[in-house]
Every structure is written in structure tokens, then in C-alpha cells.
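Please arrange chain B on chain A, whose structure you already have, making use of the hints.
2 protein chains.
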Amino acid sequence: MSILQIGAGGVGWVIAHKAAQNNDVLGDITIASRSIAKCEAIIESIDKKQNRKDLSKSLYARAVNANDVAELVALIEEVKPKLVINAGPPWVNLTIMEACYQAKVSYLDTSVAVDLCSEGQQVPEAYDEQWKYGEKFAQAGITGILGAGFDPGVVSVFAAYAVKHLFDEIDTIDVMDVNAGNHGKKFATNFDPETNMLEIQGDSFYWEQGEWKQVPCHSRMLEFDFPVVGKHKVYSMAHDEVRSLQAFIPAKRIEFWMSFGERYLNYFNCMRDIGLLSPEPLTLHDGTVVQPLHVLKALLPDPTSLAPGYTGNTCIGTWVQGTKSGEPRSVFIYNIADHEVAYDDVEHQAIAYTTGVPAITAALQFFRGEWAEPGVFNMEQLDPDPFLATMPELGLSWDVQELTVAQPTINILK
Amino acid sequence: MSILQIGAGGVGWVIAHKAAQNNDVLGDITIASRSIAKCEAIIESIDKKQNRKDLSKSLYARAVNANDVAELVALIEEVKPKLVINAGPPWVNLTIMEACYQAKVSYLDTSVAVDLCSEGQQVPEAYDEQWKYGEKFAQAGITGILGAGFDPGVVSVFAAYAVKHLFDEIDTIDVMDVNAGNHGKKFATNFDPETNMLEIQGDSFYWEQGEWKQVPCHSRMLEFDFPVVGKHKVYSMAHDEVRSLQAFIPAKRIEFWMSFGERYLNYFNCMRDIGLLSPEPLTLHDGTVVQPLHVLKALLPDPTSLAPGYTGNTCIGTWVQGTKSGEPRSVFIYNIADHEVAYDDVEHQAIAYTTGVPAITAALQFFRGEWAEPGVFNMEQLDPDPFLATMPELGLSWDVQELTVAQPTINILK
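Chains as they are written, first to last, in the numbering used here: chain A, 1 to 414; chain B, 1 to 414.
So that you can see chain A by itself, here it is in the shape it has in the complex (with noise of 0.2 Å):
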């Protein structure tokens, strides 16, 4: 019994405390980098919060470039793990998947290659290449388990729940991701900027009527009270599982709605008009050919630095309306989450913590037969209970509020 887990970001460090919290199940834990300091920062980390349940079990670094297949076949077949943990960014899914496929290794992700602004890699087409290796796992034998992460992740799970215990039809889910931490900083993001600028400024897709829909971002607004961290104005944006819960969940519309403060949206708007947000190349006046966003990367704080001091809490879930035995219902089911809470197990903050216990917990769920059979999966196609019931032990509960049925009233701004 073994993992390997690929990428030692914000999600990696979390992903390799968690698994070393359970190293009773998973066994020795290989952590795998472009840079091996990376990973034995991590390591560090984990020994210094004394996160190792089980002292006989390793922790060992390793670097690997994990856009090269024959390398990653090369260091699995070195460590022959029972499952691979993708912990890298999402543009290496698919050189993963390969070598897994190659090596006959389960695999298992947190996100999918959506590239915002690509024409054909966007949200209708997110998942695509992935789900091409759905035959090829099941013949070899081996799962790849898509998108474990909170959202996309853990929020499929919570519409599979609505599906098979509150509803009879499902008219509408909206998946609602809000922040209220505060790291302290002027601005800075809580991921990779580069992704985070990408995500954010690409256009929102969402599913309607049996149809996609394609508008600007952050020109759909709604304004919702949430548990614990009350109202905020979330915004419709581009996201993984409006995909997945499209292809697996039938229901009239499907979209996905971000929380930004004022001020965020100051600066972002800022950023944007005078060209920093831009992946385009830009020539300097000497000559020198840069990418902003690679500026604006440089800029900005390590997503990193920002965990120590950060307080307040992250309320991410799944509202759904429908109905059920005749009557109209509205439930919200949601995680909340502390920042210093997060910090306090694993030395990270809370939105890498909603990231990386979700896959650790679905990692359990496989290694315990319970999501283990052979294809590929969205957390959507997988019995919810077993998931759900382990997820609080590991750190991250969940909740069920019921609403009063209502059409969301959404705003169309400019």
C-alpha cells in the first residue's frame, strides 16, 4: 500500500498532510516536483505538526517534470503506489492520465484543463479528453477518479446527496463559492495567479433549458445570505462541474456563482483595463518579450505566505431546487470553513485545506473499495454516503439548510 502524489503547490501541501494523517490506510507516501526542496518543505511540515499517524510508514521526496510521460511511467513504476494523487496544476491531467494508463495505476485529480480562453477548451468541452480514457481504465482495470477537489468535487457529491435522498426532479443547482477571509494583504490571490486571473476573467458558461449559454464575466449577479458568513453578491462564472453535473444530473439550469468584494473587483478591473491581465506576449522598449500575467505573477505574494494570519471563514456548497413527493423544496447544502482552523492542522489556509481533504477522502474511498471500480468517475457518479460520511473526520463538515422556495433573482449588470 502506497500513493504518489504529483505537485507540491498550496493543494500538494495540504493533499500530503492529509494523507499522512491516514498513512494507516494509504501506506508509504511518495511527493513528486519539478522542485524536490518543494516537497521536502512539505515533509518538514508534516513532521513538525507531528501529522504522521503511523511512525512505520514513509514520507519520501522526489522530482519529476510532469509534462514528460516517460518520466512519469518511469518514477511510478519506481514506486509502484496503488493510487497516483494529481496535486499539479490542471494542465498536466492529461500527461498523468497517460502514464498511469501506461503503468496500470489508479489516478485520481482535483480539477480539469479548462483553458479560459482557448476557443474549443472552455466548459462545454471541459472533461472531454479525460473521459476519452473512461474505456481504456476499465479494460486495464484501474479508476481515475476526476475533479476531488471541493468545487469541482465534494459540491457533486452534494447534488449525487440531493438527487438520491431530497428530490424526486431537480430544477435548478447552483454551486456558490464565497470567501470571507481576510489575508491581510492589499491584494493578492488565494491560488496561482496566473489561473486565478484566468478563471476570472474568462466568460461565464452556464446550462439553461438544454442549452449553453456563454455571457461576460461577472455580468450575472445574486445576492444570497449564506450560514455563518451571511449575505455576499456572487457572480456567474466559468467552472469545471457545471460540466460534469450537466452530463450526469439533469436539471433546467446548472451555473456556478463566485463571491468578489468590492475591492477585489477594483483592483481586478484595474489590472484588466491597462492590459496586466493579458497571457498575450508584450514587447518592452529595450526589446524584452514578457507575458503581463508572468508580471502580475511576480508581483503578487506567494499564494503560499498568505496562510499564517489569515482569519475568517470560506462557505462553499450546492443549492438546489426541485421538488419532492409533489412539493416544491429548496435546500443549501454547504462546508464551512476556518482559516485558522485550516492553519492550525496543516499549516495552510482554508481554501488549499477545501481543496486537499476532499481528495484524501476520496483516496479512502478507493483504497477501501467503496470507489474503486474500474472507468473514469466525476464525484457525481459515485455513491455520495460513504464520501460524505467520512469527510468530517478528516476535517470539513457539512450541513443542510433548508430554504423557502424561490426563484433566484439574478442581475443582469452592464
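Rather than coming from a laboratory, the hints here were simulated on the basis of the structure.
Glycine is no exception: its CB is placed at the ideal position from the N, C-alpha and C atoms.
Everything hinted at is true.
Across the chosen pairs, the derived CB separations fall in these ranges:
1) B:341 <-> A:266: 29 to 39 Å
2) B:287 <-> A:94: 22 to 32 Å
3) B:37 <-> A:216: 38 to 48 Å
Pairs of lysine-lysine, PhoX-like flavour, derived with a Cα cap of 20 Å:
4) A:297 <-> A:185
5) A:186 <-> B:414
6) A:414 <-> B:185
7) B:297 <-> A:297
8) B:213 <-> B:252
9) B:297 <-> B:185
10) A:185 <-> B:414
11) B:164 <-> B:252
12) A:136 <-> A:82
13) A:414 <-> B:186
Sample of chain B residues lacking proximity to chain A, with all beta carbon distances greater than 12 Å (derived):
14) 138
15) 141
16) 246
Chain B only, in chain A's frame:
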């Protein structure tokens, strides 16, 4: 009779047009810059606008490196001008002055080399290096006229006019600069973004009760009801002429103020907060080293491109308070310039226009023998009357507004 103009940016553009409109006095005009194509573009514009008054006088384009004294001397000796007009950025003032001294030709520039980020080269030391040429120029029988733009420049002539005609004793001199124009861009600078952003983020220096005061940018604000453009908030800023006014006109307080709209300040604060206004080298993740400010410069519109379609007015003037015949007195001496009128005259906007017109007005005083004494002079040292009689003929009118005597309400911010 001929002039040699060095520099072919926005101010150089206007200077060349105005020189051509007065070439019956100034003679042949040679425009030199690092890029000969920029010089030729100006000559094309002059021909298109038919701005060459005396068609028997010629326009020439030359390439020159203004940092290279020997190259400058060779060019001056080839052209044999009566006056060298430095229309380049202020950091070439000293090389051009030295070349003029070596070639024994008179010199004129429009702003001083204040390095707003370096200790010992700020407002209290402004002009120090250039004033060292005073004796040398006097001995060589040549004239140097410093800071002959609008601000610095005409605002000091206004102060000299106040001393000569309106006051027995002066208490305060507040130079105030409002651009109430609209260029239609979300964010742009009216002159070189690098110079502009360094100027705006530097500490302000003002002279009060016999000593220099240094305060953070945008920390002192006053509201003033300007002729034509109405009420504006203006902020204390480091500016060249505070130094020369302090040197030549005794007053209790001397300060420079510039208007910034809320929108402009919002962009400025956002860019400063994320570090984009820094001239310090930044290493990107791929190892490329850039100055954030150079990236901003490449992102923002070329200031020259703003001129077509620029509407609205500028108002720049000198607010003087003191006593005349024992009575307190308060006057605002000012110019209103119209961006569209400027464009119609010389195909450029009013910011460059208000700098270029005074330079040629001053050059005409020199050619007429009125401002031609050997030595080095700032504008407030010279007789204001012939200059102020000529300036309106070149396109910039001026007026004196008598105000109610009142201490300005200076708001201390942050």
C-alpha cells in the same frame, strides 16, 4: 540664423511646429533625436499643416545620441545654430549643456533633471548641477535659459509679473496645474508614463518658513475654484519650479499642486499597491528580469496617440497672496488651453502644447535680444513683460483674476 532642436517626443513635436510658425525670426530648423524617423514624422506634420511661415527657410532631420557629448558637439558644429533647444527628457540636460559650452552656443530647456527616487537629487537640489554652468556660460558669452515650459516656466514668469506689478511683499506662491481634459481612454498618461509615474509617487517637497518640508505624495490636498474648468481637488507634489521660485522670490510658503481625478487616483493606488510602479528590477519565474515600470510603459497608450479626439481644457496658473500698498491681496494668474484648439494648430494635445509654446516664446525673446544676457537663468529672473506680450501671439493667452484674500484650507490626508 538657425536653431537646433534635440528631442522629437510630444513636447519636441509642438516646439518644432511653433518654431516653423516663427521661422522668419528663428531661421532654419534642425530636429535631431535618436530616431531620425520621429524627426521626419514631425516635419511631415509641419508640411501637412502648412506651418512653415517663411518657405525660404528649411527643416532638417538628424540622428543623435543625446547622452554623448562629443556627438552633440559635432552636430552643433555642423549645424552652427544660434540656439540649441533641448526638447528631450530632463536627464540629458547636462550632456547638452556641456556640449553647448564646448561649442559656445546658447542653450534652452523645458524642465530640470529631478530624479524623484534618488536621495540628493530631489527638489531642494534641483538645478544645482545646471547652475554650476552660470559662470562658464557668462565667460563664454552664451545664454542658458532653464525650465522654459509652462510648469516649470510660465508659472515662474507669472510670479515675476506679480513681483514687478502686483505686490510689494509676497506671502505664498501656489503653482496649480489642472488637466480637465478627456482623452477617452480608461487610463493613460499625458507624457512619458515612466517619468509621470515616478513624479507622482515621489514625496512632495515644499518651502515653508525658511525650510524645506518633505511629505508623502497625495498627503496634502486643497480644493480650488478654477476659472473655466471649475472646482478641482489638487495635491501637493514635487516639482522643479518650487526650487527656482524659492531661490529667486522670497516668500513664506511656495508649493506646487496638481489635480487628480478620483478615477486616476484609483488606478494609481491600485498599480502602486501591487508593485507595478516600481523602478526596481523584478525577476520573473522564468528568470527574465524586468522593471515593473517599463512593463507599465509598454502596456499604456503612447501619449502621442491621445491627441486626436482629446477634448476639454487645461488650467495652469500661479496663485499669489501678499500685500500691495499695505493692503492684503490675492491673485490667480493663469492660462486656459483647449486640447482641440491645440490639435487643430499643431496636431498635438494641450499638455505638450503648453510646454512647447513657452519654449519658442522664450526662444523669440532670446533672438530679439531681450533675454540674451550671457549666463544661466531661470524664467523668474528675466523681465516678464516682453515674454507675456509675445505668448498670446503663439497661442497661449493669460489673465489675472483678483481673489478674496483667504488662507488656503490645506487638508492633511491619511
